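Q: Whenever a hint applies, use it, and build me the whole structure from the sequences.
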Amino acid sequence: MPGKRSLEKNRKNRSQRQKTDRYDPVLRIDEQQGITGNFYTSEDLVRYSIMSKSPKKAESNADADDVQKSSLMKILKSDDPKISLIRDILSVVIVVAIIGGVLFGVSGTWPAIVAVESGSMVPNMNVGDLIFVVEENRFGPLLTAEEAEAAGVTSFNGYGDVIIYRPNGNTQVTPIIHRALTEINASTAAEMGFTGEAAHAGYITKGDHNEIIDQEGIFSNGIGRMQPVKEEWIVGKALFAIPLLGYLPLHIWEFAVVVVILLVIWELYSRKKEKDREVTKKPQKKGGRK
1 MPGKRSLEKN RKNRSQRQKT DRYDPVLRID EQQGITGNFY TSEDLVRYSI
51 MSKSPKKAES NADADDVQKS SLMKILKSDD PKISLIRDIL SVVIVVAIIG
101 GVLFGVSGTW PAIVAVESGS MVPNMNVGDL IFVVEENRFG PLLTAEEAEA
151 AGVTSFNGYG DVIIYRPNGN TQVTPIIHRA LTEINASTAA EMGFTGEAAH
201 AGYITKGDHN EIIDQEGIFS NGIGRMQPVK EEWIVGKALF AIPLLGYLPL
251 HIWEFAVVVV ILLVIWELYS RKKEKDREVT KKPQKKGGRK
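Here our numbering is used: the first residue of the sequence shown is 1, the next is one more, and so on.
I should point out that these hints are in silico values taken from the structure, not numbers from a laboratory. Please note that a few of the clues may not be correct.
With beta-carbon atoms standing in for the labels, derived distance ranges [claimed, not checked]:
#1 Ile86 x Glu231: 38 to 46 Å
#2 Phe219 x Tyr247: 18 to 26 Å
#3 Val257 x Thr188: 48 to 56 Å
#4 Ile83 x Glu278: 17 to 25 Å
#5 Val259 x Glu117: 19 to 27 Å
#6 Ile212 x Leu250: 25 to 33 Å
#7 Ile265 x Gly119: 35 to 43 Å
#8 Val93 x Asn221: 28 to 36 Å
#9 Ile86 x His209: 44 to 52 Å
#10 Tyr247 x Ala151: 32 to 40 Å
#11 Val257 x Lys230: 34 to 42 Å
Within a straight-line C-alpha distance of at most 20 Å, the following computed EDC-like cross-link-like pairs (lysine to aspartate or glutamate) qualify [to be verified]:
#12 Lys272 x Asp88
#13 Lys275 x Asp80
#14 Lys230 x Glu191
#15 Lys273 x Asp88
#16 Lys230 x Glu147
#17 Lys273 x Asp80
#18 Lys272 x Asp80
#19 Lys230 x Glu183
#20 Lys230 x Glu135
#21 Lys230 x Glu216
Predicted, not measured: the structure shown is a model, and the values here were computed from it. The beta carbon of each residue, even a glycine, is placed where N, CA and C say it ideally should be.
A: Written as structure tokens, this is what we have:
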């Protein structure tokens with residue numbers, strides 16, 4: 001019955017073509033070429049394409065991050081002298097910045113530390129003392145000598161807070177660190193001989209070692225006669241002093257040069273020590289028989 005077999009085969013082929021009509025033409029061509037396997041609809045292909053592309057992008061981003069991390073680690077662990085020096089200097093800068101931030105957070109003002117440069121406060125403050133400064137009303141209100149004596153409170157072996165202020169508000173000169181004696185108003189300032197804008201309210205100050213108050217003296221550097229100290233001119237008040245440490249900021253450039261030299265010496269010593277260790281770890285070759 002060859003005729004029946006041929007008709008049966010044709011029916012099967014038509015049925016198979018009808019079933020594959022809903023599949024993607026590309027896959028039908030592949031099927032006709034004899035490619036076997038699982039076949040998917042166009043919707044399946046789109047979904048598969050989206051799913052397959054996303055991991056590739058994620059892998060690409062991950063690879064880029066790995067490259068960046070690897071490059072950073074190479075720089076951090078590099079033995080190149082220039083990179084090592086830059087790395088050490090940056091470390092020092094970061095440490096100084098952290099210390100500065102902590103000091104500012106505690107003191108509430110800047111600069112948070114000052115060095116005594118003259119003997120105007122001897123014997124209660126000496127040249128080279130490092131003074132820790134806080135905002136004038138932190139840890140208690142600012143007290144003049146009159147107020148402190150009435151309250152029985154002393155500061156640096158005397159009545160009245162020791163304040164750090166900018167002379168006549170000038171920010172271009174070194175601040176002065178003297179004791180606040182009393183606070184006057186504008187009329188009292190006029191009675192003291194101040195005229196015009198100089199006749200304003202403020203604090204009368206004096207160095208413990210000086211014979212006259214600041215407002216009776218004539219200062220150099222273009223300051224002239226010292227006016228009563230306005231509140232906005234006050235940097236802060238002295239909280240405590242550490243002897244001798246003030247010599248470091250007074251000679252900051254010399255100190256910085258010494259630190260850099262020490263860092264270079266330490267880096268060279270560390271590299272030499274590391275090379276000696278590597279040489280020691282290398283296995284020695286055994287001699288052969290003659």
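Q: Straight-line Cα separation of Lys230 and Glu183 no greater than 20 Å?
A: holds, 10 Å
Q: Checking one constraint from the list: CA of Lys230 to CA of Glu216, max 20 Å. Satisfied?
A: holds, 16 Å
Q: Is 25 to 33 Å right for how far apart the beta carbons of Ile212 and Leu250 are?
A: holds, 26 Å
Q: Given the hint of 34 to 42 Å, is the C-beta distance from Val257 to Lys230 inside that range or not?
A: holds, 39 Å
Q: How does the Cβ-Cβ distance of Ile265 and Gly119 compare with 35 to 43 Å: does it lie in that range?
A: Check passed, 37 Å falls within 35 to 43 Å.
Q: Do the alpha carbons of Lys230 and Glu147 lie within 20 Å of each other, as the hint requires?
A: holds, 18 Å
Q: Can the restraint linking Lys273 and Asp80 be considered satisfied, given a maximum Cα separation of 20 Å?
A: holds, 15 Å
Q: Check whether the Cα positions of Lys230 and Glu191 lie no farther apart than 20 Å.
A: holds, 17 Å
Q: Lying within 18 to 26 Å: is that true of the beta-carbon distance Phe219 to Tyr247?
A: Given range 18 to 26 Å: holds, Cβ gap about 24 Å.
Q: Within 32 to 40 Å or not, the Cβ separation of Tyr247 and Ala151?
A: This hint holds: roughly 35 Å between Cβ atoms.
Q: Going straight from one Cα to the other, do Lys272 and Asp80 come out at no more than 20 Å?
A: Holds, at about 13 Å.
Q: Are Lys272 and Asp88 close enough, with their CA atoms no more than 20 Å apart?
A: holds, 17 Å
In this structure, every one of the numbered hints holds.
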